[in-house]
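Order-wise, the sequence lines are chains A and B. Straight run, no breaks: the first sequence in the working numbering ends on number 489. Straight run, no breaks: the second sequence in the working numbering ends on number 703.
Everything labelled a hint here was simulated from the structure, so no lab data went into it. By construction, the Cβ of each residue, glycine as well, lies at the ideal position given by its N, Cα and C atoms. Check before you lean on any hint, since a few could be wrong.
What the hints assert, rightly or not - Covered stretches of chain A (chain B as the covering partner; in silico rule of three or more C-beta atoms under 8 Å from a C-beta of chain B): (1) 77-90; (2) 94-100; (3) 119-128; (4) 224-233; (5) 287-297; (6) 305-314; (7) 347-359.
Said to hold, decoys possible - Beta-carbon label-pair distances, calculated as ranges: (8) Pro353(B) - Ala262(A): 49 to 57 Å; (9) Pro218(A) - Asn454(B): 29 to 37 Å; (10) Trp337(A) - Asp539(B): 53 to 61 Å; (11) Thr458(B) - Arg296(A): 41 to 49 Å; (12) Arg603(B) - Val226(A): 51 to 59 Å; (13) Glu400(B) - Ala186(A): 42 to 50 Å; (14) Asp434(A) - Leu693(B): 56 to 64 Å; (15) Asp558(B) - Gln33(A): 45 to 53 Å.
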Amino acid sequence: MSLPDRTITILVAALGGEGGGVMADWLIEAAAQSGFPAQSTSIPGVAQRTGATTYYLEIYAAKRDQLGGREPVMSLTPSPGNVDVMVASELVEAARAMQNGYVSPDRTTLIASTHRIYATMEKMQMGDGRFDSDRATNAAKQLAKHAALFDMRELAQANGTVINAVLFGAMAGSGALPLAREACEAAIRKGGRGAEASLRGFAAGFEIAAGTHATPEPAAKRLPPVMQEILDLGVARLKDYQGEAYANLFMQRVRSLGTNDAKLVGETARHLAVWMSYEDIIRVADLKTRASRFERVRQEAGAKPGEPVVVIDYLKPGVEELASLLPPSMGRSLVSWAEKNGKLDAYNIGMHVKTSGMFGFLMTRSLAWLKPWRPHSYRYAEEQQLIERWLGHVRDAAKRSVPLALEIAECARIMKGYGDTHRRGKANFLAIMDALMENPATADPDEQAKSIRKAREAALADPEGKALSADLGRPADASKPVIWLSKST
Amino acid sequence: MERSFAEEVGKLKLGDGETFRGEGILAVTKALLQSGVSYVGGYQGAPVSHMMDVLNDARDIMDELGIHIETNASEAGAAAMLGASINYPLRGAVTFKSTVGTNVASDALSNLASAGVKGGALIVLGEDYGEGASIIQERSHAFAMKSQMWLLDPRPNLPKIVDMVEKGFELSEASNTPVMLELRIRACHVHGTFAAKTNRAPQFSRRHALENPEFDFGRISLPPSTYAQEKHKIDVRWPAAVKYIRERKLNETFPGDLEDIGILCQGGMYNVTMRALQQLGLADAFGASRVPIYCMNVTYPMVPEEIVGFCAGRRAVLVVEEGQPAYIEDAVQAALRRNDVNGVKVHGKGMLPLAGEYTGETVLGGVAKFLEHAAPREMDVGHFRAAFEKLTAPKRRAAELLGGGVPARPPGFCVGCPERPVFSAMKLVERELGAYHVSADIGCHTFATLPPFNIGHTVLGYGLGLASNSAVNTMFSKRTVTIMGDGGFWHNGLTSGVANAVFNQDDGILVIMKNGYSSATGTQELPSSPQHSPHKAQDMGMERAMQGLGVGWMKTVDNYNVGSVAKMLKEAMTSDYQGLKVIIADGECQLERQRKLRPETARQLAAGERVVRTKYGVDEDTCTGDHSCIRLSGCPTLTIKDNPDPLRTDPVATVIDGCVGCGLCGENAHAATLCPSFYRAEVVQNPNAWDRLVAGLRTLITH
Numbered sequence: 001m002s003l004p005d006r007t008i009t010i011l012v013a014a015l016g017g018e019g020g021g022v023m024a025d026w027l028i029e030a031a032a033q034s035g036f037p038a039q040s041t042s043i044p045g046v047a048q049r050t051g052a053t054t055y056y057l058e059i060y061a062a063k064r065d066q067l068g069g070r071e072p073v074m075s076l077t078p079s080p081g082n083v084d085v086m087v088a089s090e091l092v093e094a095a096r097a098m099q100n101g102y103v104s105p106d107r108t109t110l111i112a113s114t115h116r117i118y119a120t121m122e123k124m125q126m127g128d129g130r131f132d133s134d135r136a137t138n139a140a141k142q143l144a145k146h147a148a149l150f151d152m153r154e155l156a157q158a159n160g161t162v163i164n165a166v167l168f169g170a171m172a173g174s175g176a177l178p179l180a181r182e183a184c185e186a187a188i189r190k191g192g193r194g195a196e197a198s199l200r201g202f203a204a205g206f207e208i209a210a211g212t213h214a215t216p217e218p219a220a221k222r223l224p225p226v227m228q229e230i231l232d233l234g235v236a237r238l239k240d241y242q243g244e245a246y247a248n249l250f251m252q253r254v255r256s257l258g259t260n261d262a263k264l265v266g267e268t269a270r271h272l273a274v275w276m277s278y279e280d281i282i283r284v285a286d287l288k289t290r291a292s293r294f295e296r297v298r299q300e301a302g303a304k305p306g307e308p309v310v311v312i313d314y315l316k317p318g319v320e321e322l323a324s325l326l327p328p329s330m331g332r333s334l335v336s337w338a339e340k341n342g343k344l345d346a347y348n349i350g351m352h353v354k355t356s357g358m359f360g361f362l363m364t365r366s367l368a369w370l371k372p373w374r375p376h377s378y379r380y381a382e383e384q385q386l387i388e389r390w391l392g393h394v395r396d397a398a399k400r401s402v403p404l405a406l407e408i409a410e411c412a413r414i415m416k417g418y419g420d421t422h423r424r425g426k427a428n429f430l431a432i433m434d435a436l437m438e439n440p441a442t443a444d445p446d447e448q449a450k451s452i453r454k455a456r457e458a459a460l461a462d463p464e465g466k467a468l469s470a471d472l473g474r475p476a477d478a479s480k481p482v483i484w485l486s487k488s489t
Numbered sequence: 001m002e003r004s005f006a007e008e009v010g011k012l013k014l015g016d017g018e019t020f021r022g023e024g025i026l027a028v029t030k031a032l033l034q035s036g037v038s039y040v041g042g043y044q045g046a047p048v049s050h051m052m053d054v055l056n057d058a059r060d061i062m063d064e065l066g067i068h069i070e071t072n073a074s075e076a077g078a079a080a081m082l083g084a085s086i087n088y089p090l091r092g093a094v095t096f097k098s099t100v101g102t103n104v105a106s107d108a109l110s111n112l113a114s115a116g117v118k119g120g121a122l123i124v125l126g127e128d129y130g131e132g133a134s135i136i137q138e139r140s141h142a143f144a145m146k147s148q149m150w151l152l153d154p155r156p157n158l159p160k161i162v163d164m165v166e167k168g169f170e171l172s173e174a175s176n177t178p179v180m181l182e183l184r185i186r187a188c189h190v191h192g193t194f195a196a197k198t199n200r201a202p203q204f205s206r207r208h209a210l211e212n213p214e215f216d217f218g219r220i221s222l223p224p225s226t227y228a229q230e231k232h233k234i235d236v237r238w239p240a241a242v243k244y245i246r247e248r249k250l251n252e253t254f255p256g257d258l259e260d261i262g263i264l265c266q267g268g269m270y271n272v273t274m275r276a277l278q279q280l281g282l283a284d285a286f287g288a289s290r291v292p293i294y295c296m297n298v299t300y301p302m303v304p305e306e307i308v309g310f311c312a313g314r315r316a317v318l319v320v321e322e323g324q325p326a327y328i329e330d331a332v333q334a335a336l337r338r339n340d341v342n343g344v345k346v347h348g349k350g351m352l353p354l355a356g357e358y359t360g361e362t363v364l365g366g367v368a369k370f371l372e373h374a375a376p377r378e379m380d381v382g383h384f385r386a387a388f389e390k391l392t393a394p395k396r397r398a399a400e401l402l403g404g405g406v407p408a409r410p411p412g413f414c415v416g417c418p419e420r421p422v423f424s425a426m427k428l429v430e431r432e433l434g435a436y437h438v439s440a441d442i443g444c445h446t447f448a449t450l451p452p453f454n455i456g457h458t459v460l461g462y463g464l465g466l467a468s469n470s471a472v473n474t475m476f477s478k479r480t481v482t483i484m485g486d487g488g489f490w491h492n493g494l495t496s497g498v499a500n501a502v503f504n505q506d507d508g509i510l511v512i513m514k515n516g517y518s519s520a521t522g523t524q525e526l527p528s529s530p531q532h533s534p535h536k537a538q539d540m541g542m543e544r545a546m547q548g549l550g551v552g553w554m555k556t557v558d559n560y561n562v563g564s565v566a567k568m569l570k571e572a573m574t575s576d577y578q579g580l581k582v583i584i585a586d587g588e589c590q591l592e593r594q595r596k597l598r599p600e601t602a603r604q605l606a607a608g609e610r611v612v613r614t615k616y617g618v619d620e621d622t623c624t625g626d627h628s629c630i631r632l633s634g635c636p637t638l639t640i641k642d643n644p645d646p647l648r649t650d651p652v653a654t655v656i657d658g659c660v661g662c663g664l665c666g667e668n669a670h671a672a673t674l675c676p677s678f679y680r681a682e683v684v685q686n687p688n689a690w691d692r693l694v695a696g697l698r699t700l701i702t703h
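Put together the whole structure using the sequences plus the hints.
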């Protein structure tokens, strides 16, 4: 009988705590049961502390007693163009494997879970720093000889086990391993603890990769709403927020744009609806005390039926929250006093409110009952004034250039968060409005649009505003919001 | 301890005719027992942490054989322990990570190497180089050269590694010289098999004690002995070593039919070189190569006769030597020149990169380039380049398809880590008082230098944080801060840091992370661990040690209370007290805590007892998606998800499964006045009648 001319190589990319080491042990055990020489290695070290790590295995698919005492030479590191089975426990790890050259069209079976675990760098952006998943799946389909891509984490959870079992099953089911299903299952059984659940996960992964069960369809992606949907959603949201009249104001503002460009109207309306339903203390109190919210918390906390759930909210209202409720003149003087004396954050009261309890609920709910007062409050006056100013710029720009108007509309996105984060965002927004909308350095709408886009991206790039400052050639001051003089650029 | 080898240590008992199956480090331990060691020790650090763990878990077997095991205080302590082999026929072995551990150990190693040994002394080095490394990139080779200790670099398969451990002791005794065995990261963790031998009880041990001490001034590192020792190294020990290496054939030559070329490689580089040759169609699966190979399982001392013998008559050779400077390549050149072998072109760095790990891709590229250049007879030279291009084409295609690099995923703090909140507090203090200099140290806390914290300006060595702060501290008008872990404290920080700062009346701030274990290396025990194994002293507090040294300002804070930590830091920053101010940041390593909690909770739940489970969460409809909470935390379970609000596009924050309820995100929301979106959910499992009644009444109101 002729012997294989090379080893079968398996590279596993996983994150700390996903049981990659256990899976490597299963593979080695299954190989041993089949009588095949095999070797595994890994680089645990600090990588196991939440970082990305890899396990690398080689199996020589011939029984040891046929080798005449010879030992195959196995490598401890993977080589590009030389990986038979590439396993990734997460989508970006699959992308990383491709990036490193470990997925080749003539050889590699790629087994990857399509769920995402976001890296710190993706999570910490002010805006949306997520890697484009479609790019990864598309590349996988083009680069792998055969690809089994589905959400294995979900499947693992459904079977009450860890992802390593499903991955192992998918490997075996794909037919790329020189190991029989029975040998793999025996290896899991030998592992002992949690074997039954692991075997369920293994079977689930196996069936899908082998094609005997259909690949679960990923949840259909929500399409971005089009103009009419946005208008409907906006009206409903603002009716809920402040009533019929306020919703009418929204529609009136939309109509005042005076353009038929569906994208511009849609995008402006989207930002307008979000802005008009700004998160003041009344809104937060309202959202926190809805029955639907308590249901959601139960679900997120994974409470079983019959298990009571106590909900404690972390609230810390201060000068600004108080001022927002006062009549405009009083609120204004309180805020300007606090700003002058550096007291904006001086009097915040940290509260752990048991919102699910009687007292906590009533206290919070009573704030929500202030809704009718909102139109007479300082914050309301401030927000409406700024909204009108921004809307005016969108309207004016729409007459010159739709792309420019879109850029201006999009700037509303900078203002998010609460407290200090919100102040910083608002300051950045005002600065951009002042320098690039009201006093632009160029008369060319394309150039102006470009400069606004650049400044907006800079404002979202980092919270300290260093990028925005650098964009405008100013020294950064990490402790203060970015303010720069107009026309100085 | 993070990983228990209790089950696997049974393999250490295997005898003649049985097959050992397992990890490299465990195989080395088995080889030590087969070699009849009298004592073992070391200091934990990747990639040899597990060797210390294995030794500790194998205490029973060790006791049976009378072997002494020491958990040394540092690598210096471990190396010094080898002094037992200077005068007595005792075989001893220690292990630590290299080069950092070897740096720490080098004082003792120099003295040991000068005095020479009677009993075999073996140092197992975990060469932490390349992918997965956590330290500065240097090589251990230089230590071997400067002290004339021998360096073994076996082919990375278990039979060879085990064989080299056994031969290492013999070499050590044959040449009266300590021997280092270098294992790279993957070799430490390689899983394979070898034919076991029965363990050998040492001649002298705890069971068979030495009778009389032996005095020999010739073995003392004090002139005039040191002059004689240096001469002895050169005149006697070195030739003896070379003789042993040649006679016992520690280095291997593999023939090949392409006789006009050849490859010389470190033992540890053999497998990756072989794989490159296989990929280029010049070797089979069993290592039968068309290119002749000289494999150096001993990389120091080199054997000039063997090198000359291998190279002479060839047109070109390639030296595959990982790391820089290229000591081996230079020595090969010198050996050939000294022996007037001038017709061989020696390639090495140039075909292969000077710096960096020799991965599969690197060696493949280097070997292909060498073959193309050396043009072995009767070979189509273009074939090698074409093969390399074809193998690496998917990488270039992937770069196009993925469009820019995928996000990096460096290691970070675990879920619920007690060190994270301290850095959140430091961020808040920075926001208030402005930026300040932070001297960092080695430990999990070094991860704070990565996003999202980016805290820590310098790292100078394990336990050296405070020492590294002593001059910079006087150069700022604002006070500076030093971070140190309890591991670093006991390793070195107590003397070179705390005692030194008190003695010199330095006015710094020291934050000690008291998490109770040597956590980064696998949660090994420390003198101040909250609980101890039976064979360790029970209570050695850092606080009492520092009081004894005269630290006058020492306060303890609960890490998870971010506000108090920030307040304490501010107090230390602004206090009138002149002198070292120590803040003990108290929080047990969450890995260990959960390891104790989980089985207990499972037991309670199974017994039907009332258990309150805490999970934190973010209200998706009040979260505006600015992610400032993430920039202050970095917790793996505090992440993002698609915004459920169809009118918003940026993702919202969310807390996923795995949250251990440490409370940091809520504390941060408070301490930094972030937002009102965080909540704590307390799920009452196995509720009692009262719980159900209260819950029923509450639901009436809230629904």
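Broken hints, by number | none
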